Amino acid sequence: MGQLISTAKLTSRRDCNHSQRSKSKSTALICPMQAEEAEELDRSSIYGLSDFISDLPDECLACIFQSLCPSDRKRCSLVCRRWLRIEGQSRHRLSLNAQSDLHPLIPSIFSRFDAVTKLALKCDRKSVSIGDEALVQISERCRNLTRLKLRACRDLTDAGMSAFAKNCRGLKKLSCGSCTFGAKGMNAVLDNCPALEELSVKRLRGITDGAAPEPIGPGVAAAALKTICLKELYNGQCFGPLIIGAKNLKSLKLFRCSGDWDKLFPLIADRVTGMVEIHMERIQVSDIGLVAISNCLNLEILHLVKTPECTNAGLGAVAEKCKLLRKLHIDGWKANRIGDQGLIAVAKSCPNLQELVLIGVNPTKLSLEILASNCLNLERLALCGSDTVGDAEISCIAVKCIALKKLCIKSCPVSDHGMEALASGCPNLVKVKVKKCRGVTPEGAHCLRANRGSLAVNLDTGEHLDASVSDGGAQDNGVEFPLVVAGQIGAPSIGSSSTGRSTSYKLLGLLSGRSLVACTLRRLASSNGSSRS
Amino acid sequence: MAFTWSKTIYMGLDPIFLTELSISIIIFSTIASSKKSRVSKIKTADNEIFEVEEAVATMSNTIKIMAGDCSGGVIPLNNVHSTIFARVIEWCKKHVDDGEDLEYYKGALKNCDATFFEVDQAVLYHLLTTANSLDIKPLLHQGCQRFVDMINGKTVEEIRQLLHIKNDFTNEEEDETRKKLWSSVVGMNSFILL
Numbered sequence: 001m002g003q004l005i006s007t008a009k010l011t012s013r014r015d016c017n018h019s020q021r022s023k024s025k026s027t028a029l030i031c032p033m034q035a036e037e038a039e040e041l042d043r044s045s046i047y048g049l050s051d052f053i054s055d056l057p058d059e060c061l062a063c064i065f066q067s068l069c070p071s072d073r074k075r076c077s078l079v080c081r082r083w084l085r086i087e088g089q090s091r092h093r094l095s096l097n098a099q100s101d102l103h104p105l106i107p108s109i110f111s112r113f114d115a116v117t118k119l120a121l122k123c124d125r126k127s128v129s130i131g132d133e134a135l136v137q138i139s140e141r142c143r144n145l146t147r148l149k150l151r152a153c154r155d156l157t158d159a160g161m162s163a164f165a166k167n168c169r170g171l172k173k174l175s176c177g178s179c180t181f182g183a184k185g186m187n188a189v190l191d192n193c194p195a196l197e198e199l200s201v202k203r204l205r206g207i208t209d210g211a212a213p214e215p216i217g218p219g220v221a222a223a224a225l226k227t228i229c230l231k232e233l234y235n236g237q238c239f240g241p242l243i244i245g246a247k248n249l250k251s252l253k254l255f256r257c258s259g260d261w262d263k264l265f266p267l268i269a270d271r272v273t274g275m276v277e278i279h280m281e282r283i284q285v286s287d288i289g290l291v292a293i294s295n296c297l298n299l300e301i302l303h304l305v306k307t308p309e310c311t312n313a314g315l316g317a318v319a320e321k322c323k324l325l326r327k328l329h330i331d332g333w334k335a336n337r338i339g340d341q342g343l344i345a346v347a348k349s350c351p352n353l354q355e356l357v358l359i360g361v362n363p364t365k366l367s368l369e370i371l372a373s374n375c376l377n378l379e380r381l382a383l384c385g386s387d388t389v390g391d392a393e394i395s396c397i398a399v400k401c402i403a404l405k406k407l408c409i410k411s412c413p414v415s416d417h418g419m420e421a422l423a424s425g426c427p428n429l430v431k432v433k434v435k436k437c438r439g440v441t442p443e444g445a446h447c448l449r450a451n452r453g454s455l456a457v458n459l460d461t462g463e464h465l466d467a468s469v470s471d472g473g474a475q476d477n478g479v480e481f482p483l484v485v486a487g488q489i490g491a492p493s494i495g496s497s498s499t500g501r502s503t504s505y506k507l508l509g510l511l512s513g514r515s516l517v518a519c520t521l522r523r524l525a526s527s528n529g530s531s532r533s
Numbered sequence: 001m002a003f004t005w006s007k008t009i010y011m012g013l014d015p016i017f018l019t020e021l022s023i024s025i026i027i028f029s030t031i032a033s034s035k036k037s038r039v040s041k042i043k044t045a046d047n048e049i050f051e052v053e054e055a056v057a058t059m060s061n062t063i064k065i066m067a068g069d070c071s072g073g074v075i076p077l078n079n080v081h082s083t084i085f086a087r088v089i090e091w092c093k094k095h096v097d098d099g100e101d102l103e104y105y106k107g108a109l110k111n112c113d114a115t116f117f118e119v120d121q122a123v124l125y126h127l128l129t130t131a132n133s134l135d136i137k138p139l140l141h142q143g144c145q146r147f148v149d150m151i152n153g154k155t156v157e158e159i160r161q162l163l164h165i166k167n168d169f170t171n172e173e174e175d176e177t178r179k180k181l182w183s184s185v186v187g188m189n190s191f192i193l194l
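Chains as they are written, first to last, in UniProt numbering: chain R, 1 to 533; chain U, 1 to 194.
It should be emphasised that the hints constitute simulated quantities derived from the structure, not laboratory data.
Each statement offered as a hint is correct.
With a Cα cut of at most 16 Å, we get these calculated EDC-like pairs of lysine to aspartate or glutamate:
#  : chain 1 : residue 1 : chain 2 : residue 2
1  : R       : Lys-74    : U       : Asp-175
2  : R       : Lys-74    : U       : Glu-176
3  : U       : Lys-94    : U       : Glu-54
4  : U       : Lys-166   : R       : Asp-55
5  : U       : Lys-154   : R       : Asp-72
6  : R       : Lys-74    : U       : Glu-157
7  : R       : Lys-74    : U       : Glu-174
8  : R       : Lys-365   : R       : Asp-340
9  : R       : Lys-321   : R       : Glu-277
10 : U       : Lys-137   : U       : Asp-101
11 : R       : Lys-126   : R       : Asp-101
12 : U       : Lys-137   : R       : Glu-59
13 : R       : Lys-184   : R       : Asp-158
14 : U       : Lys-137   : R       : Asp-58
15 : R       : Lys-74    : U       : Glu-158
Residues of chain R clear of chain U, computed beta-carbon distances all greater than 10 Å:
#  : residue
16 : Arg-147
17 : Val-276
18 : Asn-295
19 : Lys-435
Cβ-to-Cβ under 10 Å is the rule here; a few derived chain U residues that face chain R:
#  : residue
20 : Asn-132
21 : Cys-144
22 : Gln-145
23 : Phe-147
24 : Gly-153
25 : Glu-173
Note that the structure is a prediction, hence the values are computed from the model and not measured.
Each residue gets a CB set at the ideal place from its N, CA and C atoms; glycine is no exception.
Kindly produce the complete structure, drawing on both the sequences and the hints.
The following block contains the structure:
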């Protein structure tokens with residue numbers, strides 16, 4: 001019987017040899033063997049040993065490599081020639097330091113990695129970046145690029161971006177930050193990449209050059225675009241034609257872009273009917289803009305961060321018409337333009353509200369009560385930097401927010417009474433965070449933890465400080481404690497990937513920041529005390 | 001039948017009605033069960049024929065496509081031996097209702113499927129190759145994960161020994177590759193040159 005399982009490449013002899021070497025279980029699987037034949041093959045050279053993996057199809061090897069961490073992957077590249085080849089071919093994501101000395105290496109990099117679809121080219125402020133020629137060379141070798149991320153590539157110009165766009169027409173996502181090309185380059189991408197779904201632009205210097213800002217968009221990409229994110233653009237409104245032309249746009253995020261956006265929103269709301277998500281942070285927008293936004297009847301997510309011209313009236317207008325609102329974030333910047341009145345309007349019209357984050361806003365029991373009673377799907381609530389959220393408000397939440405799973409309270413005048421109320425309310429609560437609330441003491445925290453065993457409680461009431469100092473036994477000898485910490489940190493960071501290193505640095509920072517200071521102080525105190533006595 | 005009749009008379013129910021009802025129930029259930037157990041016939045390389053529930057067999061995209069072409073006949077698998085196929089089908093039976101989410105299968109590898117892959121390399125390779133040729137993605141990914149676990153943290157030489165791979169680099173080639181691989185040419189990124 002010569003019939004065997006694997007590909008045609010394997011010879012039956014070799015297979016039988018392998019089977020004899022493996023356990024008897026697999027021998028039965030592969031083929032029956034004569035004892036003498038087996039012995040003969042046993043004596044064969046080392047290269048006769050099972051080398052199944054060379055017969056594993058390339059796709060299987062690629063699948064294995066793609067699941068390995070970067071350092072394991074590097075080591076696998078060195079195992080043999082075939083592995084080096086396949087490892088290079090199966091690498092789809094590449095992140096390169098895009099300084100000018102990358103340019104001569106481009107041919108060899110991309111002949112090894114010939115299947116890259118997601119590329120990041122990152123330079124730093126101090127160095128000269130790659131230029132147009134390098135970008136064009138890359139684009140010629142990565143014609144199937146779907147994602148490109150550019151950071152601080154200041155030597156790329158409109159011409160380079162234009163040539164790139166013509167070579168990589170399958171681009172789906174472009175993210176550029178701190179680049180200096182301008183409207184021509186951006187338009188070239190929009191005119192050549194009909195599959196572009198996501199566009200993210202931060203600090204594009206080139207669009208501020210010249211007397212009049214050149215309009216950007218719509219281009220062929222407008223129809224495919226689903227997400228547009230603009231940050232820190234002086235002439236952000238030159239993207240107006242693009243935003244208005246993107247009729248399938250779902251998400252629009254504007255951060256610190258100058259100009260009067262009130263004028264643009266009516267046009268946007270009129271043409272972009274499927275808008276689902278709008279983020280506005282520190283842009284010039286008022287109730288006029290909000291009234292326009294209220295015409296986006298499919299709106300589910302709204303972030304109003306530090307937009308003091310937006311008042312209760314505007315929020316009410318949005319709430320009334322956008323009944324599908326699920327997530328609402330408001331940072332009122334303590335300007336008190338948005339408060340109970342606006343929130344009550346939201347409570348009355350938006351029953352699907354799942355997530356509410358209020359920063360620098362002063363809601364009271366009035367609005368929280370109605371929110372709790374009407375928004376029966378409210379699962380996540382965060383109240384930060386409020387002067388009016390106190391124990392009465394927390395009690396109200398505890399009693400009425402039945403669906404609440406996660407609660408975060410920061411810098412609010414809440415005390416231990418509030419914690420007690422919370423301990424006996426909110427039946428579905430899974431996580432609680434209480435930070436910088438001076439009225440909450442370890443006792444309150446303890447009460448909460450004691451009564452709600454399964455609840456994950458995160459409080460920074462000075463309790464952490466006590467716990468770590470006492471655990472380390474630092475009261476006796478302050479010198480020992482830091483050494484113990486260092487020893488523990490040292491071990492995991494050796495040979496680990498970058499993520500491992502960053503968590504151990506974080507841990508070191510956390511412990512060194514709090515506990516070392518605390519135990520040093522204690523040591524000083526105790527030594528002072530002992531020296532006196 | 002007489003027994004049933006006497007029982008129904010005793011209960012005061014119309015026996016004829018009940019008989020009709022029971023007959024229609026029997027007919028209905030046979031129809032229902034025959035729909036459930038539509039069988040695919042598959043012939044492996046060593047001429048063994050497997051009868052497998054269609055839902056289980058079509059977890060393999062390859063079989064799904066071939067079934068379309070064969071329309072009711074026997075599906076021939078010329079590259080798969082019966083013993084490996086039996087194992088694969090055993091796995092498919094367990095996971096027929098588990099859907100496509102690869103993250104789930106990653107977790108399952110640690111739990112219910114842990115022992116499935118406690119086999120020696122020969123069988124593991126065959127499972128992986130078969131999963132690839134039959135296009136059963138979740139099984140392929142689980143098999144690959146086994147290799148990932150084996151390779152994790154090992155040095156180059158350890159990997160070669162474990163998987164019995166011959167090093168076909170010359171000394172110079174290996175040194176050069178290693179130097180380029182491990183030197184950070186232009187900074188923090190981990191790209192590799194040759």
